[in-house]
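A.B. asks: Position chain B relative to chain A; hints supplied.
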Amino acid sequence: MSFPWAKQYTPENDFMKWMDSRLPLPRMVYNAVGAGYPVPRNLNYFWNFGALAGLALVIQILTGVILAMHYAANVGVAFDSVEHIMRNVNSGWLLRYAHMNGASFFFIVVYIHIFRGLFYSSYKAPREMVWLLGLVIFLLMMATAFMGYVLPWGQMSFWGAKVITGLFSAIPLVGPALQEWLLGGFSPDNATLNRFFSLHFVLPFVIAGVIILHIWALHIPGSSNPTGIEIKGEQDTIPFHPYYTAKDGFGLGIFLIFFCILTFFMPNFLGHPDNYIPANELSTPAHIVPEWYFWPFYAILRAFTFDFLFIPAKLLGVIAMFGSILLLFFLPWLDKSPVRSGHYRPVFRKFFWFGLIPCIILLGYLGGAPAEEPYVMLSQLASAYYFAHFLIILPLISMFEKPIPLPNSITESVTGKPLESAA
Amino acid sequence: MIRLFGILAGLGFVVILLYSFTFGAINFIKEPPVKAVEYQFHKHPEKPGFAHEGVFGKFDRGQLQRGLKVYKEVCAACHSMNLVAFRNFEDLGYSEGQVKTIAKNWATETPSINPETGEVSSRPSLSSDQIPSPYLNDVQARAANNNALPPDLSLMTKARHDGTNYVYSLLTGYTDPPSDLPEENRPGTGLYYNAYFANLNIAMAPPLNSEGQVTYDDGTKASIDQMAKDVSAFLAWTAEPKMEARKSIGLGVIGFLIVFTFLAYLSYQNIWADLKAQKRKD
Numbered sequence: 000m001s002f003p004w005a006k007q008y009t010p011e012n013d014f015m016k017w018m019d020s021r022l023p024l025p026r027m028v029y030n031a032v033g034a035g036y037p038v039p040r041n042l043n044y045f046w047n048f049g050a051l052a053g054l055a056l057v058i059q060i061l062t063g064v065i066l067a068m069h070y071a072a073n074v075g076v077a078f079d080s081v082e083h084i085m086r087n088v089n090s091g092w093l094l095r096y097a098h099m100n101g102a103s104f105f106f107i108v109v110y111i112h113i114f115r116g117l118f119y120s121s122y123k124a125p126r127e128m129v130w131l132l133g134l135v136i137f138l139l140m141m142a143t144a145f146m147g148y149v150l151p152w153g154q155m156s157f158w159g160a161k162v163i164t165g166l167f168s169a170i171p172l173v174g175p176a177l178q179e180w181l182l183g184g185f186s187p188d189n190a191t192l193n194r195f196f197s198l199h200f201v202l203p204f205v206i207a208g209v210i211i212l213h214i215w216a217l218h219i220p221g222s223s224n225p226t227g228i229e230i231k232g233e234q235d236t237i238p239f240h241p242y243y244t245a246k247d248g249f250g251l252g253i254f255l256i257f258f259c260i261l262t263f264f265m266p267n268f269l270g271h272p273d274n275y276i277p278a279n280e281l282s283t284p285a286h287i288v289p290e291w292y293f294w295p296f297y298a299i300l301r302a303f304t305f306d307f308l309f310i311p312a313k314l315l316g317v318i319a320m321f322g323s324i325l326l327l328f329f330l331p332w333l334d335k336s337p338v339r340s341g342h343y344r345p346v347f348r349k350f351f352w353f354g355l356i357p358c359i360i361l362l363g364y365l366g367g368a369p370a371e372e373p374y375v376m377l378s379q380l381a382s383a384y385y386f387a388h389f390l391i392i393l394p395l396i397s398m399f400e401k402p403i404p405l406p407n408s409i410t411e412s413v414t415g416k417p418l419e420s421a422a
Numbered sequence: 000m001i002r003l004f005g006i007l008a009g010l011g012f013v014v015i016l017l018y019s020f021t022f023g024a025i026n027f028i029k030e031p032p033v034k035a036v037e038y039q040f041h042k043h044p045e046k047p048g049f050a051h052e053g054v055f056g057k058f059d060r061g062q063l064q065r066g067l068k069v070y071k072e073v074c075a076a077c078h079s080m081n082l083v084a085f086r087n088f089e090d091l092g093y094s095e096g097q098v099k100t101i102a103k104n105w106a107t108e109t110p111s112i113n114p115e116t117g118e119v120s121s122r123p124s125l126s127s128d129q130i131p132s133p134y135l136n137d138v139q140a141r142a143a144n145n146n147a148l149p150p151d152l153s154l155m156t157k158a159r160h161d162g163t164n165y166v167y168s169l170l171t172g173y174t175d176p177p178s179d180l181p182e183e184n185r186p187g188t189g190l191y192y193n194a195y196f197a198n199l200n201i202a203m204a205p206p207l208n209s210e211g212q213v214t215y216d217d218g219t220k221a222s223i224d225q226m227a228k229d230v231s232a233f234l235a236w237t238a239e240p241k242m243e244a245r246k247s248i249g250l251g252v253i254g255f256l257i258v259f260t261f262l263a264y265l266s267y268q269n270i271w272a273d274l275k276a277q278k279r280k281d
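Read top to bottom, the protein sequences are chains A and B.
For what it's worth, numbering that gives the first Met the number 0 labels the leading residue of the first sequence as 0, then goes sequentially.
For what it's worth, numbering that gives the first Met the number 0 labels the leading residue of the second sequence as 0, then goes sequentially.
Everything labelled a hint here was simulated from the structure, so no lab data went into it.
These numbers come from a predicted model, not from an experiment.
Errors might be hidden in some of the hints.
The calculated PhoX-like cross-link candidates involving lysine-lysine, where the alpha carbons are at most 25 Å apart (straight line), are [said to hold, decoys possible]: (1) K401(A) with K335(A); (2) K275(B) with K99(B); (3) K6(A) with K275(B); (4) K220(B) with K68(B); (5) K275(B) with K416(A); (6) K278(B) with K6(A); (7) K231(A) with K275(B); (8) K401(A) with K231(A); (9) K278(B) with K416(A); (10) K231(A) with K335(A); (11) K220(B) with K71(B); (12) K231(A) with K241(B); (13) K241(B) with K46(B); (14) K275(B) with K46(B); (15) K71(B) with K103(B); (16) K6(A) with K231(A); (17) K71(B) with K275(B); (18) K68(B) with K241(B).
The shape of chain B in the complex, shown without the other chains:
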């Protein structure tokens, strides 16, 4: 009885699915789906290669410091970094004193209230403060950016596929639109063509636009490519600040587990020895 019901229910599902399939197939043949323009022109991120990639990869401290400088002098004008505090910069190789200075001299001050009057005001940042946002709120951010909201950058490299390479490619990927790009996909006012951006037209003007835009303290030549690479590495750190601890603990854990598993295997073989001896030999 159950089997009869089962077969009937099964036939029901199969008939409905094949019915849907037939209609889908007819439509597919009649009007083959056109690949969206975004698919044709969109590019996958380039891979410039970063020191922190791979099982043994560690952040290049010099590069992170250069990246911070690019963020501070270029990106931070519009993009917030809500999840990172100044104290975290000690991980980049700065001393406590240097971090205090960075915090105090940051272009945007930390929002505060006047302790006397209670009025809204701001004060220089302390090491313990989160990095202050360049705008008071999203409305102000949109108003200043042609109604586009500059996203927070703390997690950017984890919030996109192949994020670190994506940020690098996006920053270096501004070009003139290809000549065969349809009219409706060409950048409108306030938009810029970038083949690495999902819908090809991004509201951010090319942020890195001239060599030497930033003066590096370590004498590295600040080419656009170099600045893009450095700031991408820096954003990889802001998104995953515990990466080095994770990898080094991971190596220890895997090493331990290999030894443990080997010993467990030997004890398994030992305990089963008498049984395995009885096994037939074919």
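Only chain A is shown next, with the shape it has when bound in the complex:
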């Protein structure tokens, strides 16, 4: 953090002085999430979700490491070992249900975090790297969650693995060989389960590493804020601790209440009953659906039903599904509007609330629906809007939109009085 008014860390006693000159870990924490990190004073509740996502990862790692002590990654016993956890391991049911629903809550808070970034254009300069690293975390999360869902070796585990690895077989020439290499065989089997377990265990630590980079990159320019204007003076900021640690504490309580209601009272609400049937490669479920957090992307995949020119529909679907996430990497350069916050962008705001948000919700619903009409037609229209929104509408808006005048400073927008000492 390069702001001149950032509070400096001063070790309070001899031990801390000794420590500071040898391993300044307390100084690092102080500057990262303590009083040494000055933050805009006007952050709203949408800024709580980054910290909550970090907490969700901690919940997943803690419960996951203990579950791994009791789980057996072998197709012969994987299903029963999960039930052994549910029935015989002390509080095993709690660990497993918390881990199951923890994955869903991780995605809920991360989706809110991402859409916060989209509405307030947090991806714009100078925070492009924060956005890009965030998307890397998102991709790693999706891979981790997918492989985790395979581990109980139920019907949806098996058929989900078959469908998702099958996507790679759409790639011309190398596709089928690539799928075989990913699975370690011609169809999901013990080799698949074992490598998925290994990767599912290690990737969360990779995510933790990228989160450190994400926060590091954030701390260079400092946090964005709901007005989207940069900090102009000390008055615009407050120290992270105690102000935002207190606010995050309250947010944490609300998050945990929702999380615990689901975990303790409706633990299977977000799951699929077929995954309580042991995997059976001879019996295909009537509808193969992934976990709810993949539904929007699954809808895009299935929207491509006709070959176009010489490109097969399946390949188009795969390109579009990966493209729908990869395009987000180009957002900082697609949206050139100098104004960040959606509050001051009248046209952008309308397309966000009445275009993008309903489109994503509709795609989510359609991804969970069976692959029948009229769902397929609707998903074609919704997918078309999704791509049009990011690749056509957003660049065009940023060329023609007349933004609403911005306040002079963060302090002025909060107190109504001008910033006294503009730096």
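C.D. replies: Here is chain B on its own, set in the frame of chain A:
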């Protein structure tokens, strides 16, 4: 430059999707999709109401014991219960001694080997044994059931949508096929019409077919409806034996979190008091 590429790529996706949509729409108008027969005749499960439903719901121990009796005397002839051990029956309110007796008298014995000769044999079950399967393997199970495999029942109520109600509805839902049911959807040989079953025709003959099929120890009248309800409740327990602990711990946790969140809110308000005072009043 990036924006130009972006707009072109975006147009590409939109054109392909609208192209697919147009073809889909033309097909849709030309030949509107017919609803599958299964959709028209399939019924959603009835809701008879169970003691263990809801936030405060607890299993009715008497009902679980009756349900065990139905399972033991009716279902267990064909359906295994691999994930449940006899020792778990202590949760139903049986003493250690009673569980030992149940295990010893179970119709199927636990597979074993003769300690002298090493030959395959069986022995009476102990409390620590899992409930033995009625068949040695799936091949034998299919051979005895007209090539249909009776599924394991341990997790049945979690492996179907609205599982407990589904099991109850299925057991009481055998009827004659409706007169307007197309010929190809009518039950073939060895199949029975049941509107609650996914494809309407189930290979299981009506298992609960006469009043008093089971004699309850507590004097409850064993009507078909009563037996179906009791065994459904029992299967809810086998699928989720820790449900009561989960709910009672959950109530404590939520209570704690409400207090914690309230205190966290107060401390947040307290710390921000000086800042909030500066806020403009509009």
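A.B. asks: Indicate, hint by hint, whether the structure satisfies it.
C.D. replies: Going down the list of hints, with the structure as the test:
1. K401(A) with K335(A): At roughly 13 Å apart (the allowed maximum being 25 Å), K335(A) and K401(A) satisfy the hint.
2. K275(B) with K99(B): violated (68 Å)
3. K6(A) with K275(B): Holds, at about 22 Å.
4. K220(B) with K68(B): Roughly 13 Å between the alpha carbons, so the hint for K220(B) and K68(B) holds.
5. K275(B) with K416(A): Holds. K275(B) to K416(A) sits at ~14 Å (cutoff 25 Å).
6. K278(B) with K6(A): holds (24 Å)
7. K231(A) with K275(B): holds (20 Å)
8. K401(A) with K231(A): OK: K401(A) and K231(A) at ~24 Å, within 25 Å.
9. K278(B) with K416(A): The given pair, whose Cα atoms are some 9 Å apart, holds under the 25 Å limit.
10. K231(A) with K335(A): Status holds; Cα separation ~22 Å.
11. K220(B) with K71(B): holds (18 Å)
12. K231(A) with K241(B): Answer violated: K231(A) to K241(B) is near 57 Å, above 25 Å.
13. K241(B) with K46(B): holds (23 Å)
14. K275(B) with K46(B): violated (52 Å)
15. K71(B) with K103(B): holds (13 Å)
16. K6(A) with K231(A): holds (17 Å)
17. K71(B) with K275(B): violated (67 Å)
18. K68(B) with K241(B): Holds, at roughly 21 Å.
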